[in-house]
Amino acid sequence: MLIFEQGQPGRRSMAEAPGGSSAPLDFPAHLMRRQLPRFPEVSELQVVRHYTNLSRKNFSIDTQFYPLGSCTMKYNPRGAHRAASLPGFLNRHPLMAETNSQGYLTCLFELQEILAEVTGMAGVSLTPMAGAQGEFAGIAMIRAYHQSRQDHGRTEILVPAAAHGTNPATAVMCGYTVREIPVKADGDVDLDALKLAVGPQTAGLMMTNPSTCGVFDRAIAEIAQTIHQAGGLLYYDGANLNAILGKVKPGAMGFDVLHLNLHKTFATPHGGGGPGAGPVAVASRLLPYLPTPIVMKSKDFYRWSTEHDFPHSIGRLSAFMGNAGVLLRAYYYARVLGRAGLLRVAEYATLNANYLMQRLVDLGFTLAYPTRRASHEFIISLSPQLKQYGVNAMDFAKRLLDYGFHAPTTYFPLLVPECWLIEPTETESLEQLELFVAALEGILKEAAEDATLLKTAPHTLPVRRLDDVKAARELDVKWSYGEEKTRST
Amino acid sequence: MLIFEQGQPGRRSMAEAPGGSSAPLDFPAHLMRRQLPRFPEVSELQVVRHYTNLSRKNFSIDTQFYPLGSCTMKYNPRGAHRAASLPGFLNRHPLMAETNSQGYLTCLFELQEILAEVTGMAGVSLTPMAGAQGEFAGIAMIRAYHQSRQDHGRTEILVPAAAHGTNPATAVMCGYTVREIPVKADGDVDLDALKLAVGPQTAGLMMTNPSTCGVFDRAIAEIAQTIHQAGGLLYYDGANLNAILGKVKPGAMGFDVLHLNLHKTFATPHGGGGPGAGPVAVASRLLPYLPTPIVMKSKDFYRWSTEHDFPHSIGRLSAFMGNAGVLLRAYYYARVLGRAGLLRVAEYATLNANYLMQRLVDLGFTLAYPTRRASHEFIISLSPQLKQYGVNAMDFAKRLLDYGFHAPTTYFPLLVPECWLIEPTETESLEQLELFVAALEGILKEAAEDATLLKTAPHTLPVRRLDDVKAARELDVKWSYGEEKTRST
Amino acid sequence: MPYIPHTESDVAHMLSALKLDTIDQLFDEIPPDLWAEKLEIAEGISEMSATRLMTERAVTSDRQLNFLGAGAYEHFIPAAVWDVVTRGEFMTAYTPYQAEASQGTLQTIYEYQSMITQLTAMDISNASLYDGASALAEALLMAVRCQKKKSGQTILMPMQVHPFYRQVCETIVAAQGIQLQLLPYDEGGQIDQTYLAQLNIEGVVALVIPQPNFFGVLEEVHALTDWAHARGLLVIAQVNPMALAVLVPPGQWGQSGADIAVGEGQPMGVPLASGGPYFGFMTCRESLVRQMPGRIIGRTVDLDGKEGFTLTLQAREQHIRRSKATSNICTNQGLAVTAATVFMSLLGAQGLAEVAQQSHQNCEALIKKVSVIPGVKAHFNRARFHEVVLQLPVAAASVIHFMAKQNIQAGVDLQPFYPELTQHLLVCVTETKASADLSRYVDVLAEAIKLVVAV
Amino acid sequence: MPYIPHTESDVAHMLSALKLDTIDQLFDEIPPDLWAEKLEIAEGISEMSATRLMTERAVTSDRQLNFLGAGAYEHFIPAAVWDVVTRGEFMTAYTPYQAEASQGTLQTIYEYQSMITQLTAMDISNASLYDGASALAEALLMAVRCQKKKSGQTILMPMQVHPFYRQVCETIVAAQGIQLQLLPYDEGGQIDQTYLAQLNIEGVVALVIPQPNFFGVLEEVHALTDWAHARGLLVIAQVNPMALAVLVPPGQWGQSGADIAVGEGQPMGVPLASGGPYFGFMTCRESLVRQMPGRIIGRTVDLDGKEGFTLTLQAREQHIRRSKATSNICTNQGLAVTAATVFMSLLGAQGLAEVAQQSHQNCEALIKKVSVIPGVKAHFNRARFHEVVLQLPVAAASVIHFMAKQNIQAGVDLQPFYPELTQHLLVCVTETKASADLSRYVDVLAEAIKLVVAV
Ligand SMILES: Cc1ncc(COP(=O)(O)O)c(C=O)c1O
Ligand SMILES: Cc1ncc(COP(=O)(O)O)c(C=O)c1O
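So the sequences go chain by chain: H, S, F and W. With this note's numbering applied, the first sequence has no gaps in its numbers, which climb one by one up to 997 at the end. With this note's numbering applied, the second sequence has no gaps in its numbers, which climb one by one up to 997 at the end. With this note's numbering applied, the third sequence has no gaps in its numbers, which climb one by one up to 625 at the end. With this note's numbering applied, the fourth sequence has no gaps in its numbers, which climb one by one up to 625 at the end.
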């Protein structure tokens with residue numbers, strides 16, 4: 509039942525009203541609203557009960573194993589949440605005087621330093637509000653770099669076929685055309701194709717390493733050389749940084765610019781779709797172009813950068829300076845983990861992925877890249893199951909929900925048919941992995957014995973399989989008043 | 509699965525350890541623990557996931573309608589929770605200097621005043637930690653009163669048959685014997701029986717009004733007179749104060765001493781069994797005996813009472829001064845409601861109860877006291893249904909759980925056979941009441957058509973009907989190590 | 171190991187299943203010369219130490235009396251909002267790709283979309299963009315896509331749109347060759363309509379109308395909308411949602427309403443939090459929906475015909491359309507939107523209107539009080555909403571500096587953004603300010619001015 | 171109407187169903203002369219105003235450097251504890267009478283009982299009592315019930331049991347004619363064993379042994395337990411659960427262990443919170459279980475044989491047994507117990523031991539530092555746990571007063587409780603104190619003493 513269906517005209521959650529006297533407004537009549545918007549009219553208990561119960565219809569890290577590949581659904585420390593929620597941070601206006609903000613600015617400054625160190629880059633800007641905005645900032649910096657050198661012929665960004673959708677979309681937002689580079693059967697980028705593709709039109713290459721194929725591209729040095737020799741720059745999509753944190757620095761691989769998804773690698777909560785934070789880090793030649801503001805330190809005083817500090821900046825990306833609350837959580841996380849802890853992230857994420865991969869192989873599942881080590885994630889293809897039982901990757905995924913596990917990422921990357929991208933993360937225990945294996949064993953058996961069970965799954969969730977086609981065809985994207993009386997669901 | 513079954517030797521939630529260096533302890537060897545207790549050895553994620561998922565197995569006000577009679581399961585304002593959780597309150601040591609505690613003491617002082625006003629009594633002590641401890645304090649004061657007058661022959665406390673179990677249990681704890689007074693068919697105390705029972709041995713009478721029969725005893729003035737004439741005192745069990753808050757003051761009814769259940773009438777959360785708070789209020793002749801400490805005000809300075817203030821106090825009831833956090837919540841609640849809001853509590857609680865009673869009568873349910881107004885609660889007897897379908901009050905209750913409603917109080921008060929004590933509270937909406945009525949209508953139909961469905965209910969909860977007999981007979985009240993390996997559930 | 175559950179025997183078991191001796195061997199496909207040296211980062215600390223550290227850091231900005239607005243507004247947030255929103259099931263879920271396991275998030279956003287369209291009187295809302303500034307930038311891109319048949323891609327941008335919003339628009343639209351043409355403001359702080367009348371609109375595709383504008387001043391939204399529509403321009407409304415509880419909503423501007431309406435959602439239950447996470451909302455006319463960026467939630471049915479919610483019109487999005495998507499946005503500001511939904515439900519339309527009214531009245535009360543200080547007055551003389559440009563007898567920066575030392579955040583110095591506003595302070599007052607707060611502000615301001623004059 | 175959902179038309183509909191005109195008619199069975207006049211209570215205020223009021227009140231006790239212990243201990247509480255515990259499903263549920271709808275609470279308490287019995291090495295735990303003091307009082311009553319065959323009902327109560335606990339015991343056991351016979355402490359602050367040796371134990375049923383005692387001093391628990399058991403007395407241990415992570419648990423005291431062990435549960439994840447809600451824990455030997463007060467949770471099976479949890483042995487309780495119940499307790503401290511369970515799971519046994527060790531070491535470090543101040547030293551010379559009686563050269567009250575002005579809570583003045591301890595301060599140090607905190611304490615204490623001496 510929607511919150512709109514629980515209202516009654518005149519009902520209010522009265523304690524929430526500001527109270528006090530309200531003289532009539534003195535606005536010009538033609539600028540005043542004539543009729544209040546039609547909102548739910550509900551009591552405080554109704555609101556609390558409604559949204560509490562709605563929340564119970566979600567899967568989440570706190571309640572389920574959530575091996576969603578490429579999304580790094582690791583435990584989100586509650587301590588980070590508390591620290592970021594301290595009144596001094598939570599009630600701080602973004603434009604508060606620097607003299608009253610030294611504690612806050614210190615955290616951000618130190619976070620910049622930590623991110624520079626783990627990425628092996630020369631400078632960091634924290635302002636991008638998610639991975640995709642980081643990508644935008646990065647490609648905009650590549651663009652600014654070429655322009656500053658009057659190198660105007662570079663109109664193309666190269667992107668491996670396995671890339672995340674945000675990569676090509678970003679390149680286009682930055683005014684580039686996109687050329688896809690094929691990926692070989694072993695998951696590495698097709699170097700020959702890359703060499704053929706590069707040229708004076710190449711502004712840069714965007715890639716993740718390890719890639720969304722779940723493997724580390726062994727030829728990264730040669731790829732970097734190829735791009736650099738052609739005059740292009742290398743962009744690193746940091747969504748997979750969890751796989752190599754502390755182990756390999758993107759800077760060492762030859763990348764010129766990158767973003768980090770703090771809501772993945774640095775364990776900040778995803779919030780059912782956000783917020784995130786996508787700081788960018790750059791090699792020294794791109795320093796002048798960093799998006800602003802950045803926290804500067806002068807003689808123990810922390811301050812925001814001004815236009816004088818970064819006259820060539822690509823500019824500002826948010827009204828203030830990004831998702832501060834996410835940054836504070838990431839800072840807390842980095843401090844608690846410290847040097848050794850950050851390194852362990854990659855080690856145990858990789859251990860969990862490889863172990864789980866092995867166990868699924870034992871069950872008879874088909875790996876997309878059977879000759880390779882898994883990074884922090886790996887891909888199985890359910891094509892054999894589709895052929896044998898007529899049950900596809902989505903059917904398997906939906907049935908897995910019935911077992912109380914969130915599904916892996918399905919049908920991405922696009923190049924693997926009936927694809928499952930599985931990322932257990934380092935915070936899950938061996939027992940949890942085994943429970944997942946047992947569930948898949950069960951489902952495999954069900955597929956053989958009763959395929960319909962999978963094709964009509966899920967069966968135990970608040971709703972069964974939803975009709976996406978109807979959703980798109982008969983667009984219903986908001987409540988209409990008047991519906992109360994006619995509906996019966 | 510128990511938390512103990514999720515551990516692995518050596519696993520830890522490491523961020524939670526205090527860190528720092530630990531020199532070996534310098535205690536005498538024979539006083540040192542030789543082996544650590546065997547605790548779960550689990551990760552932070554395991555703990556969070558385990559208890560989050562456990563919580564999801566509870567019904568609660570925040571998720572369900574919870575018409576548990578006598579328990580006043582009304583909405584617990586989140587604002588009160590936030591106010592009581594302010595760091596200045598939460599981190600305050602109970603013995604903190606009064607000079608640093610003026611804000612806190614002000615809240616308590618004003619709460620004392622508010623409670624005195626709504627009860628019509630002369631003085632208040634906030635220290636009892638629940639209703640039952642309030643009862644203890646009250647009866648102990650009655651005892652102290654009689655003793656101070658050298659009136660040593662009063663050995664008996666009278667209690668109506670409908671009384672809550674804590675009433676007789678309390679009287680006994682205070683060294684009294686208990687005599688039960690019958691209740692008439694109309695729910696009022698049997699005045700004739702009472703008159704026969706009183707005498708020089710009568711220390712006092714404990715009663716609630718409205719009683720747990722859900723009716724207001726109309727002869728209360730005569731009851732009071734009877735007890736007072738016999739030299740006894742009147743104790744008011746404030747568990748039902750929600751029914752008359754602001755409407756009738758217990759002091760006006762002739763009561764000499766009472767407790768309030770702040771976790772009922774003042775909307776503080778019950779916490780799955782506590783904490784509560786059971787402040788006591790007294791008429792002036794009992795003032796000297798109030799349990800301590802009490803907050804005193806001298807020239808705008810708030811301080812704790814000392815022995816000099818209350819040399820005849822019955823004494824202290826808790827290590828510090830009761831459930832401070834509950835008191836702060838109740839204070840917040842009283843301030844938000846204020847004069848008019850407190851009165852409305854009784855009005856709308858009573859309206860909801862009487863309306864729901866009427867609706868159940870319309871469905872054909874049998875009232876225990878059909879000639880009476882409901883107070884904030886009322887009783888139906890399911891005896892007719894037991895006779896007709898072989899389905900008892902408990903079966904109905906368990907089936908109601910399947911419909912997503914908590915059950916009313918069953919089999920209490922004991923004097924009504926197949927009893928349901930139903931208390932909707934004022935914070936539930938008309939629609940919610942109608943949904944409850946519809947559920948009962950459905951269950952009534954099921955009882956007629958398929959009684960087994962009820963007798964084996966619930967069917968949709970985490971467990972089905974539990975074996976209480978086995979629980980008592982084969983006492984299993986803690987986890988035993990070694991079980992991990994042998995169990996399979 | 172913080173957050174990592176592996177015991178030594180777990181690791182031994184797992185390695186042996188992999189027929190390996192060390193975890194490092196799992197990295198053997200990575201060329202050894204790429205392996206990092208030890209990180210130059212301090213050793214880890216306990217939750218207790220980290221909490222203490224952060225608590226000490228937070229104290230420096232605690233307990234400030236705040237009169238800053240400028241796009242981020244201090245409104246009271248009922249406790250229920252974040253108590254519910256930070257439940258693990260909301261906070262630690264991902265984007266609702268598996269609809270059946272995400273009905274909580276999906277229905278909440280559907281309800282959000284319903285409320286935002288009510289508030290703006292627009293047809294369609296998306297599920298959020300990053301913040302108000304990036305929402306405006308996306309609106310510009312969207313407007314250009316919608317006007318593809320028109321030649322040119324210039325957007326009229328009033329000077330009194332938030333300066334940071336204008337900067338963000340510059341950053342984001344520049345690469346696609348879109349121009350922002352700045353419009354001057356008149357002596358009342360509004361869009362200069364006489365200037366507009368003479369404007370050559372060759373190559374122009376849209377007009378941005380802020381309501382209220384950065385100065386807190388109300389624009390003549392009806393006349394401006396009709397002016398733009400008469401010339402075939404799209405109207406992009408940039409609005410404060412709290413103000414919309416009392417001001418005519420963009421869907422009702424002029425004859426036919428704005429085409430796209432965006433804004434900063436923060437006033438709807440999201441704490442100031444140093445600037446984020448907030449959320450940008452975006453709404454539009456139904457006919458433009460296929461050009462809209464960001465996620466949209468639709469209602470549909472399941473196999474049994476039961477109501478349910480799911481991501482819809484995904485063909486606009488990067489994960490399906492890749493380089494042809496309407497935007498690159500993926501992660502948005504879901505949790506802030508959840509908070510806004512709970513907030514709007516709790517306050518209701520009447521409650522929001524009362525907050526808006528109370529804020530406005532408090533602001534007018536402050537202006538009155540402050541005007542007794544010689545040389546202090548409201549700079550613009552038009553109707554405004556809960557924010558005002560105060561003209562001071564001295565430089566704003568010195569006053570701000572002095573008042574900050576008294577833990578009063580006095581306002582925003584306008585000089586860096588508007589060189590012509592040399593001694594001007596942008597001050598915001600919301601419903602959170604009691605009369606004693608206003609008096610304190612006035613007293614300390616007077617003191618500050620005296621001191622600065624004396625220097 | 172705050173928290174009340176009724177609209178005017180709801181009320182009209184409901185009244186008409188009841189065939190009434192006004193709500194007041196529902197009260198027509200109440201004699202009119204009993205109806206109250208208008209309450210003399212202020213009008214209601216909004217959540218915003220109430221929050222502001224409470225915030226201002228809370229500030230007066232905020233940011234204190236706390237060295238108070240005396241039965242309430244400041245330990246660090248991981249954020250996860252109360253984030254989980256304050257979920258609506260835990261916080262707003264009632265006592266788990268409907269077991270099938272309360273498995274969350276029930277299983278949690280079962281796990282709690284398991285952990286507490288591990289910690290104390292006792293057989294059985296109940297689900298909590300109000301606090302440490304009332305748990306001790308209930309233990310006395312229980313001991314008397316268990317010793318029914320013995321004549322007399324005197325309990326040996328050492329002076330160095332928390333004075334407030336002794337007062338609570340007095341209040342609660344007095345009515346049943348139970349006597350507390352006080353035992354003196356020796357020069358080391360322990361139970362005087364030579365005194366015991368000569369004691370006439372006629373009519374005595376039990377001995378209370380605190381560990382550590384109110385002075386922080388460790389008692390000779392083995393010798394004392396054996397002494398008592400040799401004389402047919404029950405042993406009631408009154409223990410700090412945090413100390414039990416490193417000290418020999420009551421179940422292992424002497425030859426056969428304590429009979430009943432109780433204590434204050436607050437150190438296990440419950441905030442200081444001005445004194446409550448805390449929780450009293452109570453454990454006992456299996457043979458005594460039927461005399462135990464309070465709720466007990468048992469594991470059982472459902473109709474399908476599936477594991478489940480339920481209230482058990484209810485025949486001891488007031489709601490079944492009424493006047494024959496083992497106690498009148500009904501509502502207990504469920505939510506605090508839930509917090510303790512999460513806390514103990516997070517810390518683990520090793521973590522608890524580390525907290526205990528760190529606290530102890532910090533206390534010893536403070537004693538060392540503070541001893542350089544002339545006239546300041548530890549008063550008792552025996553092993554102790556994280557708390558110490560400091561002897562001062564001046565009255566403790568003046569020192570406390572001075573240090574409170576510097577926002578340091580210096581300790582508890584012992585004179586009101588022990589007239590012989592004229593210049594003595596009870597000081598507690600936990601793991602939360604950093605070395606800078608200790609130095610600050612020492613500096614301000616030295617200053618305070620100087621000042622007091624000068625007066
Ligand atoms: C490989 C990859 N790149 C980029 C992104 C985009 O990041 P964000 O969602 O933070 O914008 C994602 C997120 O799913 C991703 O997995
Ligand atoms: C009528 C009545 N009296 C007394 C009590 C005991 O109060 P408490 O549980 O707070 O000890 C209750 C609680 O259920 C009650 O309903």
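A couple of the hints might just be wrong.
What the hints assert, rightly or not - For lysine-lysine, the following PhoX-like pairs were computed, each having C-alpha atoms within a straight-line distance of at most 25 Å:
hint : chain 1 : residue 1 : chain 2 : residue 2
1    : S       : Lys963    : W       : Lys476
2    : H       : Lys963    : H       : Lys895
3    : W       : Lys547    : W       : Lys575
4    : H       : Lys807    : F       : Lys476
5    : F       : Lys494    : H       : Lys978
6    : H       : Lys978    : H       : Lys963
7    : W       : Lys620    : W       : Lys539
8    : W       : Lys494    : S       : Lys978
9    : H       : Lys963    : F       : Lys575
10   : W       : Lys575    : S       : Lys807
11   : W       : Lys620    : S       : Lys805
12   : W       : Lys575    : F       : Lys575
13   : S       : Lys963    : S       : Lys953
14   : F       : Lys318    : F       : Lys476
15   : F       : Lys547    : F       : Lys575
16   : F       : Lys575    : H       : Lys805
17   : S       : Lys978    : W       : Lys547
18   : H       : Lys978    : F       : Lys476
19   : F       : Lys494    : F       : Lys539
20   : W       : Lys620    : W       : Lys547
Hints listed in this document are in silico derivations from the structure and should not be mistaken for laboratory results. Here the structure is a predicted model, which means the values were calculated and not measured.
We went through each hint and held it up to the structure:
Distance check on the hinted pair: S:Lys963 and W:Lys476 sit about 18 Å apart at the alpha-carbon level, within 25 Å; holds. Annotation: proposed proximity of H:Lys963 to H:Lys895 holds, straight-line Cα distance about 14 Å (limit 25 Å). For the given pair, W:Lys547 sits about 23 Å from W:Lys575 by alpha-carbon distance, which is consistent with the 25 Å threshold. With a C-alpha separation of about 64 Å, the suggested pair H:Lys807 and F:Lys476 falls outside the 25 Å cut-off, and the hint is violated.
Annotation: proposed proximity of F:Lys494 to H:Lys978 holds, straight-line Cα distance about 23 Å (limit 25 Å). Taking the CA atoms of H:Lys978 and H:Lys963, the gap is about 18 Å. The hint holds against a cut of 25 Å. For the proposed pair W:Lys620 and W:Lys539, the alpha carbon gap of about 17 Å is at most 25 Å, so the pair holds. The suggested pairing of W:Lys494 with S:Lys978 holds, with an alpha-carbon distance near 23 Å, which does not exceed 25 Å.
In summary, the hint linking H:Lys963 to F:Lys575 is not supported, as the alpha carbons are separated by about 66 Å, beyond the 25 Å threshold. A hinted pair counts as satisfied when its Cα atoms are at most 25 Å apart, and W:Lys575 with S:Lys807 qualifies at roughly 20 Å. Restraint check: the Cα-Cα separation between W:Lys620 and S:Lys805 comes to about 32 Å, which exceeds 25 Å; the hinted pair is violated. Proximity of W:Lys575 to F:Lys575 is assessed by CA-CA distance (about 23 Å); at most 25 Å being required, the pair is judged to hold.
Restraint check for S:Lys963 and S:Lys953: the C-alpha separation of about 14 Å stays at or below 25 Å, so the hint holds. Restraint check for F:Lys318 and F:Lys476: the C-alpha separation of about 40 Å exceeds 25 Å, so the hint is violated. Restraint check for F:Lys547 and F:Lys575: satisfied, since their Cα atoms lie roughly 23 Å apart, inside the 25 Å limit. Only pairs whose Cα atoms come within 25 Å are accepted, and F:Lys575 paired with H:Lys805 is accepted, the gap being roughly 21 Å.
Between S:Lys978 and W:Lys547 the CA atoms are separated by roughly 58 Å; this puts the pair beyond 25 Å, and the hint is violated. At most 25 Å may separate the alpha-carbon atoms for a hinted pair to count; H:Lys978 and F:Lys476 meet this at roughly 13 Å. Between F:Lys494 and F:Lys539, the direct Cα distance comes to roughly 56 Å. Violation of the 25 Å bound is thereby established for this hinted pair. A hinted pair counts as satisfied when its Cα atoms are at most 25 Å apart, and W:Lys620 with W:Lys547 qualifies at roughly 16 Å.
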